[in-house]
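Engineer: These are the residues of each chain, in order.
Number of protein chains: 2
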Amino acid sequence: MTRRTDQLKLGAFLANSGHHVAAWRHPLAQADASQDFEHFKAIARSAERGKFDALFIADVVALWGHHLDALSRTARAEHFEPLTLMSALAAVTERIGLIATATTSYNEPYHIARKFASLDHLSKGRAAWNLVTSVVADEAWNFGREQHIDHTDRYQRAEEFHDVVKGLWDSWDDDAFVRDKASGRYFDPDKLHTLNHKGAHFSVRGPLNVARPPQGHPVLVQAGASEAGKALAARVAEVIFAAHHELPAAQAFYQDIKQRAAALGRDPEHIKILPGVTPFIADTREQAQQLFEQFQALIDPVLGLRLLADTLGEDIDLSGHDLDGPLPDTPPGQRGSRRDQVLQLARRDNLSIRQLYLRLAGGNPVIGTPSDIADSFEQWFQARACDGFNVFFPYFPGAIDTFVDQVIPVLQQRGLFRLDYAGSTLREHLGLPRPANRFSTRAPA
Amino acid sequence: MTRRTDQLKLGAFLANSGHHVAAWRHPLAQADASQDFEHFKAIARSAERGKFDALFIADVVALWGHHLDALSRTARAEHFEPLTLMSALAAVTERIGLIATATTSYNEPYHIARKFASLDHLSKGRAAWNLVTSVVADEAWNFGREQHIDHTDRYQRAEEFHDVVKGLWDSWDDDAFVRDKASGRYFDPDKLHTLNHKGAHFSVRGPLNVARPPQGHPVLVQAGASEAGKALAARVAEVIFAAHHELPAAQAFYQDIKQRAAALGRDPEHIKILPGVTPFIADTREQAQQLFEQFQALIDPVLGLRLLADTLGEDIDLSGHDLDGPLPDTPPGQRGSRRDQVLQLARRDNLSIRQLYLRLAGGNPVIGTPSDIADSFEQWFQARACDGFNVFFPYFPGAIDTFVDQVIPVLQQRGLFRLDYAGSTLREHLGLPRPANRFSTRAPA
Ligand SMILES: Cc1cc2nc3c(=O)[nH]c(=O)nc-3n(C[C@H](O)[C@H](O)[C@H](O)COP(=O)(O)O)c2cc1C
Ligand SMILES: Cc1cc2nc3c(=O)[nH]c(=O)nc-3n(C[C@H](O)[C@H](O)[C@H](O)COP(=O)(O)O)c2cc1C
Chain A
1 MTRRTDQLKL GAFLANSGHH VAAWRHPLAQ ADASQDFEHF KAIARSAERG KFDALFIADV
61 VALWGHHLDA LSRTARAEHF EPLTLMSALA AVTERIGLIA TATTSYNEPY HIARKFASLD
121 HLSKGRAAWN LVTSVVADEA WNFGREQHID HTDRYQRAEE FHDVVKGLWD SWDDDAFVRD
181 KASGRYFDPD KLHTLNHKGA HFSVRGPLNV ARPPQGHPVL VQAGASEAGK ALAARVAEVI
241 FAAHHELPAA QAFYQDIKQR AAALGRDPEH IKILPGVTPF IADTREQAQQ LFEQFQALID
301 PVLGLRLLAD TLGEDIDLSG HDLDGPLPDT PPGQRGSRRD QVLQLARRDN LSIRQLYLRL
361 AGGNPVIGTP SDIADSFEQW FQARACDGFN VFFPYFPGAI DTFVDQVIPV LQQRGLFRLD
421 YAGSTLREHL GLPRPANRFS TRAPA
Chain B
1001 MTRRTDQLKL GAFLANSGHH VAAWRHPLAQ ADASQDFEHF KAIARSAERG KFDALFIADV
1061 VALWGHHLDA LSRTARAEHF EPLTLMSALA AVTERIGLIA TATTSYNEPY HIARKFASLD
1121 HLSKGRAAWN LVTSVVADEA WNFGREQHID HTDRYQRAEE FHDVVKGLWD SWDDDAFVRD
1181 KASGRYFDPD KLHTLNHKGA HFSVRGPLNV ARPPQGHPVL VQAGASEAGK ALAARVAEVI
1241 FAAHHELPAA QAFYQDIKQR AAALGRDPEH IKILPGVTPF IADTREQAQQ LFEQFQALID
1301 PVLGLRLLAD TLGEDIDLSG HDLDGPLPDT PPGQRGSRRD QVLQLARRDN LSIRQLYLRL
1361 AGGNPVIGTP SDIADSFEQW FQARACDGFN VFFPYFPGAI DTFVDQVIPV LQQRGLFRLD
1421 YAGSTLREHL GLPRPANRFS TRAPA
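Protein sequence lines, in the order shown, are assigned to chains A and B.
Each step along the first sequence adds one to the number in this note's numbering, with nothing skipped, and position 196 is 196.
To convert, take the position in the second sequence, counting from 1, and add 1000; that gives this note's numbering.
So here's chain A without its partners, still in its complex pose (with noise of 0.2 Å):
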């Protein structure tokens, strides 16, 4: 395999005290982190300082987690909303990108589309939505519905409410606004596009009241493994938040993706896949390992208990067992689901229950020295199965300096990373074409 010239695309995941699920009762995090502003532009500093491509954050809208003495335990119970976080970053940052979280199953595609747009302004260029269909019934209670919107109808809304919000972001030619004085004409009315939308889901006319983005459209990323996930991926994703642990698994996800989008026509290089990490790195790798098993002694069994039954489905009751022990047996579930990937894990590894949970949440752990990381993060580079990473940082504030003064220098000294921000916005950082105006009779420029 040829090697690559291109270099990695680095996202920075926002987490209030950290990723990891017990980050916030190790003494390097801090707790009380998830109402600070303070401490999210600390980190969003930190992030820009190491040239990271973009700011990561994830959503769901419900408290999510009916089991409250596990939840209890966690600090995911308060987050600030995604688009006032990320516009709040957006006034104190000037070069990377925000990527904010909004989902299709519980919103309207005109106020999404407009506070893209606006968000965009706002950064001048730096907006980029991680378009969602929710996982939980908990959303789903919260706005007037008893269940989830099914799976296949989740993803036609999304696909619906995706080509109404392009739709509402060519409202305006780029050019739209002349802002003449002389003549006392603002705007040219020839310039002005209304949609017009009459679909399924959604009836929308437009115009948006908002001029076209600074990057025409924000940057469109995407998560979701299935089939229908897929298909939407490659038709419309820019970036791919992946969940692959294994690199054969991501491999193969990288080239299916890839080929799907030269399928449609598409250049595979203008969709990203970038799949989760979590580095805990130190100076040895035995110093490492020690910080990463520190957070995971911090995990307590009532959480991970929840969590493995979570996984496995919410009918299995493990209280009583030996956590020291095995696993009871458990009926199988739908071949290739995440409950039977784990239950193959288990038997595999031979893991104890106690083991078992502190594997599912350890998450995707890169363990060692900087160079360690930068091995890894070359490796799957290279292997093509990934262009770059989330990077999920254990503890915050810490970790992400760490990584940015001992990580990011590696990748750069080996050509792998950016010494500085070439452009001004999150299409230039990416290298992504900025999209024409579909209403546009002009070329585009």
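Calculated directly from the structure, the hints in this document are not laboratory data.
Heads up, a few of these hints could be off.
[What the hints assert, rightly or not] Covered by chain A, according to a simulated footprint, are these stretches of chain B (three or more residues, beta-carbon under 8 Å):
| id | stretch |
| --- | --- |
| 1 | 1058 to 1066 |
| 2 | 1111 to 1121 |
| 3 | 1138 to 1144 |
| 4 | 1199 to 1208 |
The beta-carbon is built from N, C-alpha and C at its ideal position, and this holds for glycine as well.
Following the hints, put chain B with the ligands in place on chain A, whose structure we already have.
Structural biologist: Only chain B with the ligands this time, still in chain A's reference frame:
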């Protein structure tokens, strides 16, 4: 009447190039302000330097105006979305309140509760929600409806929407998040409250995934002049954005609202009534009048006639009439309506068509020297026609600095306005109590 011992409350109204409809054409105004965050940041900082209580931004969720020839002569076709803009401004200001408009007619309460709670945390207690019910059918068309929700339904929906939002803000006790690293307990499950709202318009389970806002509830602002509007205001508003131009009408409204509030058991001091006013300031009255005339002269007749026709009713065609002649005979509208008021005004003052549209376009100007402006503010305040003002600046930048440098000191010398912020939250600036949590069993702090 006894002299008031309290002080004026002042809102600084954001507008792109200024509040005057032709502002953008004036040499003093920045024409391309609408997409320029630095411009809004400078305005916000000037307002904070002037110790204003809050910034205020209106909103419409549509491109408003069907007559493109007229619309294209205004700067109103593009503007930042309020919640994203105010979040960004939160990050670059320290003390000033942030009043963002959001409609109850085309939103979901969970999103609104969450975004304002998030803004209140981001700004450390400076958020306010201007609850509006929307006025134009264009908004309905962007949200899957053929026509605007009718007035009665709109207010019923608004009432319920409001109640749900307040309930969601009380999802957590103020001290729910204990974050005890030693025990591993992040929050106290007994201090979490699930709303379980099921009503005529909304079914919202809750709880919110944002901690209780620093202000308990962001400040509630309202604007609406009908019986239903006033009833809602008397029950829930803490600030009322009023639109009276004449002292007696303003006094009557003021007394009406305060009495209604008292009848509902509220302290009338806990509703601040702020009419909008546009100051044109110069060293002499003649210069101030000239400044005003300069702006008026920039109103294109196409735009002026449109404003007039919109007020009198879409059916009226004034093209072909002599602009400097009288209004043609027009059938009267509903008694007491805006249309009738305008027809009476034209008859009473014997105005030509041009003079009439200039009156309408001029809004509610106060024209004079800094001490004239202060006199006018003092007169309204002492006559209990208001508790302060929403100041509309005719042009940006510039007009706000003139106000801050020349009018604020006069108000301060007269003891009518604060020398500095005494508190840090908007509630503290406005002298409003922090609401208790409806679910909490403990006594309010
Ligand atoms: C890596 C990854 C991250 C995701 N992040 C979010 C998120 O932040 N919010 C959300 O509501 N859904 C999120 N999702 C859920 C997806 O939008 C989608 O609803 C879910 O994966 C089910 O679709 P699928 O069957 O195509 O995977 C995420 C999914 C993946 C794989
Ligand atoms: C001074 C004032 C300001 C208003 N600002 C807005 C606004 O920014 N956005 C909006 O949609 N409606 C706005 N409204 C409209 C009101 O929310 C309401 O829909 C309208 O006044 C009709 O209700 P009413 O008959 O009670 O006055 C405003 C109304 C007034 C009086």
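Engineer: Please go over all the hints and tell whether each is borne out by the structure.
Structural biologist: Tested hints:
no.	hint	result
1	1058 to 1066	holds (count 5)
2	1111 to 1121	holds (count 7)
3	1138 to 1144	holds (count 5)
4	1199 to 1208	holds (count 7)
Figure legend: structure checked against the earlier numbered hints; every hint is met.
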